[in-house]
Amino acid sequence: MDKCEELKELVQSLFLNGIKVQALKDDKCLLQIPFYDSDGDPIRIIVHKTEDSVTLNDAGAIAGNLFSLGQHTQDTPAFKLLCNLMKAYGLHIDFNNGLITTTVVDERQMSDAVVDFSKVILTMLTAIPHIRVEPHRLKPLGQRLKAKIKVQYGQANILDLVEHDILLPGETVGRWPIDFHWWIKQNGQIEQVYVVTVDLDVQESLGKAAKVTALALDIQRNATYDKLRIVIDSHGENSNASVAGSLVKQYGDRLKYKVYDFEKEDERLVFVKQSVNEITSEMGEPWRDFWRQQHALA
Amino acid sequence: MTVMVLRLPVDEHIIMANIAHVKVNLGELLDYSNFMSCNVAQYLPTDDSPVVDVEQVVHLGMVAQQVRRLGRGRGRLIPPQGIEFVITTQKGHRLHLTGYCLPDVEECHLALHHDKDVLRKFHAHDGHMNPKRRDYPTARLHMHFPSVKYPLIEKSSSYAYSIDDDGFFSDVADCLKYFCTELGVDMSGWQPHLIKQF
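Just so you know, the protein sequences line up as chains V and P, in that order. Everything in the first sequence is counted per my numbering, starting at 1 for the first residue and increasing by one. Everything in the second sequence is counted per my numbering, starting at 1 for the first residue and increasing by one.
No lab work stands behind these hints: they were computed from the structure. Where hints are given, some of them may not hold.
Unchecked claim - Restricting the straight-line Cα-Cα distance to at most 25 Å, the calculated cross-link-like pairs of lysine-lysine (BS3-like) are:
{"no.": "1", "chain 1": "P", "residue 1": "LYS91", "chain 2": "V", "residue 2": "LYS8"}
{"no.": "2", "chain 1": "P", "residue 1": "LYS132", "chain 2": "V", "residue 2": "LYS119"}
{"no.": "3", "chain 1": "V", "residue 1": "LYS80", "chain 2": "P", "residue 2": "LYS177"}
{"no.": "4", "chain 1": "V", "residue 1": "LYS150", "chain 2": "V", "residue 2": "LYS249"}
{"no.": "5", "chain 1": "V", "residue 1": "LYS227", "chain 2": "V", "residue 2": "LYS150"}
{"no.": "6", "chain 1": "P", "residue 1": "LYS155", "chain 2": "V", "residue 2": "LYS80"}
{"no.": "7", "chain 1": "V", "residue 1": "LYS20", "chain 2": "P", "residue 2": "LYS132"}
{"no.": "8", "chain 1": "P", "residue 1": "LYS155", "chain 2": "P", "residue 2": "LYS91"}
{"no.": "9", "chain 1": "V", "residue 1": "LYS80", "chain 2": "V", "residue 2": "LYS119"}
{"no.": "10", "chain 1": "V", "residue 1": "LYS258", "chain 2": "V", "residue 2": "LYS148"}
{"no.": "11", "chain 1": "V", "residue 1": "LYS28", "chain 2": "V", "residue 2": "LYS80"}
{"no.": "12", "chain 1": "V", "residue 1": "LYS211", "chain 2": "P", "residue 2": "LYS155"}
{"no.": "13", "chain 1": "V", "residue 1": "LYS150", "chain 2": "V", "residue 2": "LYS185"}
{"no.": "14", "chain 1": "V", "residue 1": "LYS28", "chain 2": "V", "residue 2": "LYS119"}
{"no.": "15", "chain 1": "P", "residue 1": "LYS91", "chain 2": "V", "residue 2": "LYS119"}
{"no.": "16", "chain 1": "V", "residue 1": "LYS258", "chain 2": "V", "residue 2": "LYS211"}
{"no.": "17", "chain 1": "V", "residue 1": "LYS211", "chain 2": "V", "residue 2": "LYS150"}
{"no.": "18", "chain 1": "V", "residue 1": "LYS119", "chain 2": "V", "residue 2": "LYS20"}
{"no.": "19", "chain 1": "V", "residue 1": "LYS211", "chain 2": "P", "residue 2": "LYS132"}
As the list claims (entries may be wrong) - Have a look at the derived ranges for each label pair, beta carbon to beta carbon:
{"no.": "20", "chain 1": "V", "residue 1": "SER246", "chain 2": "P", "residue 2": "VAL148", "range": "48 to 54 Å"}
{"no.": "21", "chain 1": "V", "residue 1": "GLY90", "chain 2": "P", "residue 2": "PRO137", "range": "32 to 38 Å"}
{"no.": "22", "chain 1": "P", "residue 1": "GLN90", "chain 2": "V", "residue 2": "HIS92", "range": "44 to 50 Å"}
Ideal placement from N, C-alpha and C gives every residue a C-beta, glycine not left out.
Modelling step: build the complete structure from the supplied sequences, incorporating the hints.
Below, the structure written as structure tokens:
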């Protein structure tokens, strides 16, 4: 056997040894392709044959990878890449089951479909981990209230003029999550405005109150001129909610933050009106210029 | 001024022995005595080392708290049985634990994150390949950990050590118990969710 033949057999064995097929229940089979993801784990495809078609799916590996990296929401670069691949290869996202699927009606196109599907899975499981963006994680303080404030800001046409989801360095913890941010200029002095939302209708409402107070203490330590606004929300569904709300309000004067109860209409209106006034008036002009430049760069 | 250079005979065995000695000292320094199976230095080849920052965090006392149930919708792609926890360490670090199961292939994946870094991954599936095929094959239940040369998710592969059990899981709650036992995470107060039955 000459060297060329030996090389050919070696290369063939490299790929063929990596391909495995295993029968699963419910007329499905598992196809393992000869590539590994960024953990060194094999990449697999599930093939399901029905009477008139063959369906391929990724068993949830892509959704799991995106979820694990915190890039499972539609505003992240990885999700956008997935959507582009969906269009390019005619694939389908099954949001209910967390699967990426494709259907092959003509069995003569099966080999092309498997190769295309393998390309998509391989891209998503090997390239996405290198897109190092800040992961989208559920916020521990005020996920529901933040959505409510977004609606109010949207109606007041300032939603696009505020910065969302920033992190502030702290001493009590490494970094604190801030929901909304902008700055104002008063008497030649730049003052940062931070808004933090807290849902108190939860089991651990007292714990949340303690956390947000620690956040206020950290911010107070770092900067004198910054404004912190804590927006709380409770409907009385939790017996501890009122105690937690009082706890947050109690330290407001000493730690120089303002508390707004979003459930009370007058406080809600004051909070929204103050935000709109600061952002759209003369004192918010340098912020608006900065923010527009950021968007232009993006 | 005269500088004297003292040349010592270079012996590869001595260097390797010193590296091994340093690793033993690292293990002692971090006091792994309560979590011997988590002492990842014992699973690494002599030319690689554990990430000290990570080891210091994962050996602290940790308490898990589930943030809330995850809703499905067109705005987000949630894997089967997707769960997310916030983990607080005794020194105030905030970590995230994410997990999901792939019921068709009876696989389970859990990961412990600190911002963009992944500190540990617990997997229940076959066929994992360590870097350069060292200690191959790895058991079905295994724990991935970052090393200096092979940090998690940023390389072509990562090291994993086997966990001595043959469990086949289709439920993320079962794996969660293993993961939290291995890392000493306090899960008290958490109730597993009921799984949708068709």
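Results for each hint:
1. P/LYS91 - V/LYS8: Cα-Cα ~57 Å, so violated.
2. P/LYS132 - V/LYS119: Satisfied, since the Cα-Cα distance of roughly 24 Å is no more than 25 Å.
3. V/LYS80 - P/LYS177: The hint is violated at about 34 Å.
4. V/LYS150 - V/LYS249: With Cα atoms ~23 Å apart, V/LYS150 and V/LYS249 stay inside 25 Å; holds.
5. V/LYS227 - V/LYS150: Holds: V/LYS227 and V/LYS150 sit about 20 Å apart, inside 25 Å.
6. P/LYS155 - V/LYS80: 23 Å, holds
7. V/LYS20 - P/LYS132: 21 Å, holds
8. P/LYS155 - P/LYS91: With a Cα-Cα distance of about 29 Å, the restraint between P/LYS155 and P/LYS91 is violated, given a limit of 25 Å.
9. V/LYS80 - V/LYS119: 17 Å, holds
10. V/LYS258 - V/LYS148: This hinted pair holds, its Cα atoms lying about 19 Å apart.
11. V/LYS28 - V/LYS80: 30 Å, violated
12. V/LYS211 - P/LYS155: 36 Å, violated
13. V/LYS150 - V/LYS185: Within the cut-off at roughly 24 Å; holds.
14. V/LYS28 - V/LYS119: Distance of about 21 Å is within 25 Å: holds.
15. P/LYS91 - V/LYS119: 44 Å, violated
16. V/LYS258 - V/LYS211: 16 Å, holds
17. V/LYS211 - V/LYS150: With Cα atoms ~23 Å apart, V/LYS211 and V/LYS150 stay inside 25 Å; holds.
18. V/LYS119 - V/LYS20: 17 Å, holds
19. V/LYS211 - P/LYS132: 45 Å, violated
20. V/SER246 - P/VAL148: 48 to 54 Å: With Cβ atoms ~50 Å apart, the hint holds.
21. V/GLY90 - P/PRO137: 32 to 38 Å: 37 Å, holds
22. P/GLN90 - V/HIS92: 44 to 50 Å: 46 Å, holds
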